[in-house]
Amino acid sequence: MKMQKNTMNKVLSGITTLSTLFLLACDGATFASFTADEELPATTVEGGGLVSILPTAFTPFSLDVKNSAAFNSNDYDYLNSIKLTDITLAVLPESEDTRSDANENGVPDDFSFIDTLSLFIRADINGMDSRQLIAELPEDWNEIREGMQEFSMTMQSVNILDYVEAPNGYTIESEASGTAPADNVIFGGSAEYNVKVGFR
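With the numbering used here applied, the sequence shown covers 1 to 200.
Hints in this document: simulated from the structure, not taken from any laboratory.
Where hints are given, some of them may not hold.
Under the rule of at most 20 Å between Cα atoms (straight-line distance), these lysine-lysine pairs were calculated in the PhoX-like manner [claimed, not checked]:
| id | residue 1 | residue 2 |
| --- | --- | --- |
| 1 | K196 | K66 |
| 2 | K83 | K66 |
| 3 | K196 | K83 |
Distance windows between CB atoms, simulated [unchecked claim]:
| id | residue 1 | residue 2 | range |
| --- | --- | --- | --- |
| 4 | T85 | E173 | 34 to 42 Å |
| 5 | N72 | E146 | 39 to 47 Å |
| 6 | P41 | P108 | 16 to 24 Å |
| 7 | N72 | E150 | 24 to 32 Å |
| 8 | N168 | D140 | 16 to 24 Å |
| 9 | G147 | F199 | 46 to 54 Å |
Quick caveat, the model's predicted, so the values are computed rather than measured.
C-beta atoms are modelled at their ideal positions from N, C-alpha and C, and glycine is treated no differently.
With the hints as constraints, model all of the structure from the sequences given.
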């Protein structure tokens, strides 16, 4: 009798687990996730005495997760969330090439000219202009920026799915302050996303 009771408990437990999974599936639960990477286009910050104050907005970053190879190579029925998990910026080799920088002064370029830098995502969502901070400089930026040629921004772990799926698309905006560099600085970088998906 005791063995029958244990067997019945196992059966009931199994039914409960299957029922829970079924309900989660109906409720749009996440069943998979993957990482997508994207290269950032080169951005040039003019220096060499042409300007003395850093422009408040760099050339807008062109982030487009849906066009990344990793995004398009995965099968899914619907998206649950998209989060930027990393944005890394790096001074490019052409930044110190006289063929691409007529103001090149022979001193290694770095990011010390930046005082503040924040990235925002913006879109029209449900008829409302929505703008959300997605990344900013590390907290100890003032201590580490001298000679810094590559760094990762501090991410805000924001779910940007509503922005990515906005009917009119979205834009990435940047706000920055600082002093213009001694010569032109050309930098690029990469962005990494975590994408959670579901299946029907």
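Structure-based check of each hint:
| no. | hint | in the structure |
| --- | --- | --- |
| 1 | K196 to K66 | 13 Å, holds |
| 2 | K83 to K66 | 12 Å, holds |
| 3 | K196 to K83 | 9 Å, holds |
| 4 | T85 to E173: 34 to 42 Å | 20 Å, violated |
| 5 | N72 to E146: 39 to 47 Å | 40 Å, holds |
| 6 | P41 to P108: 16 to 24 Å | 22 Å, holds |
| 7 | N72 to E150: 24 to 32 Å | 28 Å, holds |
| 8 | N168 to D140: 16 to 24 Å | 38 Å, violated |
| 9 | G147 to F199: 46 to 54 Å | 48 Å, holds |
When the structure is compared with the earlier hints, violations turn up for hints 4 and 8 and for no others.
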